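Quick note, the sequences are listed as chains A, B and C, same order.
Heads up: the first sequence runs through residues 1 to 869, numbered per this note's numbering.
Heads up: the second sequence runs through residues 1001 to 1062, numbered per this note's numbering.
Heads up: the third sequence runs through residues 2001 to 2121, numbered per this note's numbering.
Keep in mind that a hint or two might mislead.
To be verified - DSS-like mimics (lysine-lysine), calculated; alpha carbons at most 27 Å apart, straight line: (1) A:K89 / B:K1007; (2) B:K1007 / A:K435; (3) A:K741 / A:K435; (4) A:K89 / A:K435; (5) A:K741 / A:K776.
Stated by the list, open to error - Estimated spans, in silico, between C-beta atoms of each pair: (6) B:R1060 / A:P157: 13 to 23 Å; (7) A:D810 / C:F2092: 56 to 66 Å; (8) B:R1060 / A:S323: 43 to 53 Å.
To be verified - Not close to chain C: a few residues of chain A, all C-beta gaps over 12 Å, as computed: (9) R402; (10) A448; (11) R557; (12) A651; (13) L661; (14) T662; (15) A663; (16) N674; (17) M689; (18) T691; (19) G753.
If you're looking for bench data, these hints aren't it; they were derived computationally from the structure.
Keep in mind it's a predicted model, so treat the numbers as computed, not measured.
Positions of the beta carbon are idealized from the N, C-alpha and C atoms, including for glycine.
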Amino acid sequence: MVPAWVVVVVSLAYLGLLFGIAHRGDQRAAAGRSLIASGGVYALSLAVYATSWTYYGSVGRAATRGLEFLTIYLGPALAMGCSAIVLQKLIRVSKRYRITSLSDFAAARYGNSRLLGGLVALIAVVGTVPYIALQLKAVSSTFRLVSGGAVSTTDVPAYADTALYVALVLALFAILFGTAHLDATERHEGVVAAIAFESVVKLVAFLAAGLYVTFGLFGGLTDLFEAAAATPALATAVAIDGYGNWFWLIVLSAFAVLLLPRQFQIAVVENVDERHVRTASWLFPLYLLVINIFVLPIALAGLLTLGPAVSPDTYVLALQQHSALALLVFVGGLSAATGMVIVETIALSTMVSNSLVMPLLLRRPRWGGPGLADRGDLGRLVLRIRRVTILVVLLLGFGFFRITGDALGLVDMGLVSFAAVAQFAPALLGGLWWKGATRNGALAGLTAGIVLWAYTLLMPELARTGWVPESIVRDGPFGVALLRPQELFGLTGMGAVGAGVFWSLLVNVALFVGVSLAGRRTPAEAGNAALFVDIDRRTPGPGTRFYRGSVPVARLRDLLARFVGAEAAAALVTEHTARRGVPLPDEALADPELVRQVETALTGAVGPAAARALVASVADEEPLGMAEVVELVGEAQHLRELDRLKDEFVATVTHELRTPLTAIRAFTEILRDNPDLPTEERARYLEIMATETERLTRMVNQVLDLARLESGQASWQVTDVDLRSVVEEAASATAQLFTDKEVALDVEVDGPGPLAHVDRDGVMQVLLNLLSNAVKVTPPSGRVRVAVRADDGTARIDVSDDGPGVPPSDRELIFDRFRRGAAGGTGLGLAISRRIVEQFGGTLHVSDCGGDGRGATFTVGLPVPARRR
Amino acid sequence: MSRVRAKLIAVTALAAACFTYPLLSLFDRPTLVLGLPLVWAYLFAVWAVLVVAVAVLSRRGD
Amino acid sequence: MARILICDDEPNIVVSLEFLMRRQGHEVRSVGDGDAALAAVTEFEPDLVLLDLMLPGRDGYEVCQTLRADGFRRKIVMLTAKGREAEITKGFAVGADDYVTKPFGTQELVARVQQLLGAGP
């Protein structure tokens, strides 16, 4: 065995190395040269899934329950197999809406429900504290084992327990690298780099242990298996202990690999590039496969060579006879435990601050008048809440482990945690595909699921510690055998855990679906449901505009500044103004798009529920509880107003369609009733009919175009497009119109054709529309000018005419699909054009030609290819 | 849904069937094959095939 | 034989209305907006005005109201969108004699015009 001081020094050196790696990772991230920008690192960091449970507990499980330990890794292998469908959608939704935790995800999906977010956060904390406790327990007991002490923890005072100091160092690590600053994306590259490194360490150490046992103590795999086969007592170790249990454990672990707080943190929040999922979909299962190869051999070797006095949970370490190897194995176990604890506490701290503490603080502006939303240092407050949460969670974990002592097995308690987070699956994964899911359905399912979880799974574990009378588990409450937690309603045959998972998920799903179907969705729920479910059908850009309040730009910016700093807040507003192409003075009222962007940025910092409450608080300057109600009513009103606008739109469109139809009908009847018309008159009327039919066709196409754009179903191929060639092609396509009306067309291109990052056909359609409008309004022998130029990240095309111009009051209205074109006859063309350029992140607006009120200039702003910015 | 995604789902579903009752029970026998326990070797073999199949499919991309 | 004033801003619809009225032997004049209509009434003294309601500038109601206020006693027929009860009620309120919905049937239009012209002043 190794002297205790050596173990301490090596452990501290290892933790120091972790700090160094995390520091380097953060430095590289700040310098823009990410250390973690690869699918391989992403897959390794996902392996935070493998904790002390895997490292020590699997062997213990194999020694007592046979191959069952494998289910915990087969589930993830299956889940990762279809990660291109499930995980990818989770990532897309979370990135688009700046979701940074499980609880935020639940809240945002169901109409920014604070109640649901809070419930998820609470379940996550309750479900994972025991799991954290087990990691500390593993560190504590293996420390004593490797340094030659007794394995039991009960006789060591708390202050002398290694686990306390490990917990404190880990708290320091999580606070330093997990809560260094409030970032809108909640990414921690340093932490991810350290976790990926830990995954390498634990894999190498475990393989070393396995190779030593198999080839050092035995003559290879075959020798070991044959020795085991010769011992009839070991037959159960290489068999399956009940298929019911087996099945439910696979289901459970497939959910857990996505829904455990640390897995969601690493897989979704810390994901830097969606393409990494592809690599991880096979590399992470491969990692799990490799780390599991030697589990059964080590378990068999332990059973064959060690006496019953040695706990199977410590076989990995107990079999090592060289002290250097024992030390390496201990460090591997340390890395498995620390990785889990670090990521789990960071994930929990985001949840607790976003979904439990902030909403509560924001709800009660009791102390001191204006309320929390007006405090200047909210960003620091959020960070402080998170740091305290990390410390509290770790101390809770330590306390739990000290109180329960040796009563709990690594795997049993881990499974209870898995089953707790599996309760999230119906609401979170179901809500990702089913729009009809409601907040009440999610609340009902989750509540019932977690109650059954507590009864069937948690209580029997607690009974082992003596916290709950064991008779309840053995005989059922009040001796009612049907209510025995582990054999509820007499269900047997799939093991205690399998039955508990079955009952809790069954009731959870049934209530989730039933209550959702029975109730109605609020407008906020319906809106967010569509945003989540249809993520792939929506183009980025204008999202929901469910916002009816009025707030000056300056007030909104100041609110944001309190969380992300003045500089970042100002940058967001400036960027927005640049995109709109219209100056936005501080005292002007913010448009819905800006409000939405600020809310999204705040969501990254404090979660969706709090972000919505904050924006509502500055927008309405009313107490928050009321503000939320007002807002919901406002959304309903807004939907009604949308209906009214749609009626108006239909009226406008039918009027536009009626005009050509009137001419066509009149001439059809004239030709029918007057067969004696002179040939040239007939020809003239037929020509009119042809022209009007063409006009009708064009209008119908425009309505269809608009419908396609509005529903986001237009498909674009965005490439680098040479604007000179597009402009020249558009000019030659409309040349006849210009010649007919004797209007001159000047084309002026700045330098060698500027490039834009757009869909060529889309831009062509916009240019054709602008040119034909221009020629229509320009008097004969007038002039239309087209100028193309590129400056500071935007390519601009100006189309100027000599027409009557557009009065300032109409300059936005003419782009509105609901209003009749002020210039007359432009119909829907301008509305469609603006929608098209907005699809590529471009702008379209109109201004005076020379400032004298005559003539109009339509300016198209288009994004340039990234490398030329 | 793209063809690659459909194939990924199919492969995963097939693996899930191989990992559970009743297919699994066919291999749950106390025999050694090439010195390895049958069910143990079977599970790792299916697992390895799943990894390779997913790797090949996801490299092809969407 | 009567004098008819046509007021519509769509040139092709005007062409069809001119044809239909001339076919009945009427004398026809056409204008494209409200101001021109008011001027033409004074000068041309029509027996009947075919008045589109959706005109640029002064709309049809305003033209109709002004004409009645100025003492115009002859017939006014509105051309209106189908199914707009409010438009029709408002049209009668400002002094129109009849209405025809667009897209109109030519025979119906001619019949209504002839009926009004035969009904005396």
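Hint by hint, here is what the structure shows:
1. A:K89 / B:K1007: Holds, because 17 Å separates the two Cα atoms, which is no more than 27 Å.
2. B:K1007 / A:K435: holds (26 Å)
3. A:K741 / A:K435: violated (54 Å)
4. A:K89 / A:K435: holds (15 Å)
5. A:K741 / A:K776: Within the cut-off at roughly 9 Å; holds.
6. B:R1060 / A:P157: 13 to 23 Å: For P157 of chain A against R1060 of chain B, whose Cβ atoms are near 59 Å apart, the range 13 to 23 Å is violated.
7. A:D810 / C:F2092: 56 to 66 Å: About 32 Å separates the Cβ atoms of D810 of chain A and F2092 of chain C, which means 56 to 66 Å is violated.
8. B:R1060 / A:S323: 43 to 53 Å: For R1060 of chain B and S323 of chain A the Cβ distance comes to about 49 Å; the hint holds.
9. R402: Answer for R402 of chain A: holds, closest chain C Cβ roughly 80 Å.
10. A448: Per Cβ check, A448 of chain A is outside 12 Å of chain C; nearest 53 Å; holds.
11. R557: holds (43 Å)
12. A651: Non-interface label fails for A651 of chain A: nearest chain C Cβ at 8 Å, not farther than 12 Å.
13. L661: violated (5 Å)
14. T662: At about 4 Å from chain C, T662 of chain A fails to clear the 12 Å cut-off, so the statement is violated.
15. A663: violated (4 Å)
16. N674: Non-interface label on N674 of chain A violated, nearest chain C Cβ at 7 Å vs cutoff 12 Å.
17. M689: Non-interface label on M689 of chain A violated, nearest chain C Cβ at 9 Å vs cutoff 12 Å.
18. T691: violated (7 Å)
19. G753: G753 of chain A is indeed farther than 12 Å from all Cβ atoms of chain C, at 40 Å.
The earlier numbered hints that this structure contradicts are 3, 6, 7, 12, 13, 14, 15, 16, 17, 18.
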